[in-house]
Amino acid sequence: MIKVGLRLSKVACSHCHLEFDESVMIKDETLFFCCKGCQGIYHLLQDEGLDTFYDKLGSERLVPPTEQFENSEHFNAPAFFERYVTQDSEGFSEVSLIIEGIHCSACVWLNEKALHKMDGVVEVFINHTNNKARVVWDNDVVALSQIIDMIRAIGYNAFPYDPNIQEAQAEKERKSYYLRIAVAAFAMMNIMTIAVAQYAGFFTGMDQNIKSILNVAEWVLSTPVLFYSGWVFFRGAYYGMKTKTVNMDILVATGASLTYIYSIYITIFERGEAYFDSVAMIITFVLLGKFLEVLSKKSAADTLDVLSKHIPNEVTLLKDGQQLNVNVNDVVVGDTLLLKSGEKAGIDGEIIKGEGSFDESSLSGESLPVYKVVGDFVVSGTTSIDAVVTYRATKDFAHSTLTNLLTMLERSLSKKPKIEQMANRLSEYFSTVILLLAFVTFVVWWLWPHSFETAFMVGISVIVIACPCALALATPVATMVGLGQGAKSGILFKEAAHLETLAQIDTLVLDKTGTITEGRPQVQEVKWFSEKATRKSDIEKLLALLNASKHPVALGVREYLEREEHTLAVLDEIQQIPAKGMVARCDGALLVGGNLALMHDYGLDVNVESGHTLFVFAIDKKVIARFELLDQPKPEAKSVIASIKASGIRVVMLTGDHEGVAARVAQEVGIEHYSAHLTPKEKVDAISTMQANGEKVVMAGDGVNDILALAQAEIGIAMGGGSDIAIDVSDVVLLNDSLIALESAFKIARTTFRLVKQNLAISLLYNAVTIPLAMAGYIIPLIAAISMSVSSLLVVGNSMRIKLMWKKG
Amino acid sequence: MNDSIIILMLGVSIFLGALALFGIMWAIKTGQFDDKEKFLNQVQFDGTEELNDAAEQQAKKAELKKRKEDYRPE
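Line order of the protein sequences matches chains A and B.
The first sequence runs contiguously to residue 928 in this note's numbering.
The second sequence runs contiguously to residue 123 in this note's numbering.
For reference, chain A alone in the conformation it holds in the complex (with noise of 0.2 Å):
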């Protein structure tokens, strides 16, 4: 039952099986824990019963639990239950959550047990594949804090997340279409082996009886499909009607209905030709098109998932010499708050006490870290990298920085301009021309003199071979596989919709940091200042000092010495000295490395001039070192902007960064047109600008900063390395931080657009064959069948092209 697993001195943990020194590891009879949480954890699972768990588990390993001090009491608060929890007829409470943690189908096993084993719970369905779980419990019997704890005491962790929003309501819509076209493809099949025998019977003579079982047969098996897989036009035509716009549905609806009635027709005064089989391919054919396009669609509504995910809950609050978790609603304007390293700020606020360094990167786009001292103004959603400040708090989280931003972000992402799509547009006009086709020809025919049953059928016959099979057809087949071939270069397209838009753009905005340029400042020039012969040791020193910091500049730096091979020296005293650099002692020497304040600090005159960041390193006040640091532009940028550009598209840079930085890098890549200084804001108004006249644009970026100005894009692009929300804003997202990818996106986008095209060009070609024969009245069923087959066909295989048009570019 127990794993431990023995190799050399390394000893596995008994809860979460990853291995370490024995001498590391807590003793606990015959077992070893890597903590005090694995420990907690595999007492209260034996306790419990629920110790199967581990053969569950088998050889999976864990991660091990973290400390959770958080309190889980505001999960009883009347505000939290108004917003996540519902009540179900019965009288019991729903919440629905997302569990952290887990990653195996073991996870799943034992947190579903847990809850069971707790009285007063009800219900709870873990889905495994995105880790959100439906919890059902008595709230007379038990708190939502007591569940909460039991997760988190068996080390996971959950968090609430709406349910009522998109998400559900797209899951529903996508399970409806499976019934839909499980029912229309079950009956489809069948008429068609019904139908071979009917064709066969149409040239070598079939007696009227077994026509008429068989037209009984089909109608049986078409009533479904039309009336419950053809729903979905029914609707559309209701409410194309109800707008006054005739759309392809009007037409499905129309043309499939007019057919079965027909054919019922026919069945019951036997004479003639039914078309049953035409009924039921229309329809299946179009829903299988449509549902191509549902299946393509992102549900938007993980993006507030994440959106709030991004938001700090807590912060702590300083109040009569005491520290308080409490949630950042609470906090109103004046109270005293404090920040440790490494954490986010959830409220706006100004510097009372300490100083250190700000990544503020994800709102100003700046790459380096900003170093605040008291007075200086704390913006939420920045992160202290090394500061313990207290600030007191200028504003409530109501009307912070990040709480703006969110606000913007999802006013902009619902008005979200979108160029109207070609084949809509195109099948409106398609449907009106084919209805007044066949109305005009059963006028004629009936005048002409026919009877009212001839006109009517040769009136049917053009609305049948007109069948939109093909044009239904056209975008989503090329699209999903433009999607697919999308999929295989690492760019994802959210929904197949934007591989038309993409191709439409004429206008590019590139965001600078971690778009055009690697986003982290690298080193451009060494200069060593000390012998060969001790070059090896400088550097194992450099290197142990540099270990001790996660400063952009220290990383930078470690970055270019590591590329050999080095161990490291053992250092003492290790000491950070804010915005400056470190200093330590190694075997009694004094080591300093950091900016040139830093130097000047410890008396060293380092007179250098150099637009570029500088690292100085120093052993016993002498200078050993000297690095010249700048953030690049990525090496294909130049040629990749370079082709974008000569395809034909205005390519514009937007940065947050100073203008001097920004004029390099636009200089150095081969972009004329930019705009330094702004802030998230100023981006999309010079984004609304743009589309004000006239412009469709793209806008690509990583940050946060860039996330208003990529929602507010005809298409935003994000960078993979970038941060969630970004990613999730946007409407394409580049798997690689790669521009090759954005090239290829492009490319791809085109491409599809033009087959598109094609498909169109085909099926429309098809119907100025077909419909002239039909209004002639030589359509007999065979033909009908074929060409429908062959034109829907054609469309598929001429989008399977699309792989050999991108090779070929």
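These aren't lab readings, by the way, just hints derived from the structure by calculation.
Every clue listed holds true.
Here are the simulated BS3-like pairs of lysine-lysine, each with C-alpha atoms no more than 27 Å apart in a straight line:
hint	chain 1	residue 1	chain 2	residue 2
1	A	K251	B	K78
2	A	K815	A	K800
3	A	K236	B	K114
4	A	K866	A	K815
5	A	K236	B	K109
6	B	K78	B	K110
7	A	K175	B	K109
We have chain A; now place chain B onto it with these hints.
Just chain B now, kept in the frame of chain A:
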């Protein structure tokens, strides 16, 4: 071939096919394909222990429901 034989064959085959169709529709409706991970690892959750667990859970729910119904505020 006799007409009634054809009717019978068509009828029986469509009926049997329809049964299978209803089976699939029922499975989709009750969410049996919703969680693909759980669906694939179903064998791990299909022991007697899990069945007992599910039964206990139902009994617990019924009991809580009864308690709620019996409850009368004084």
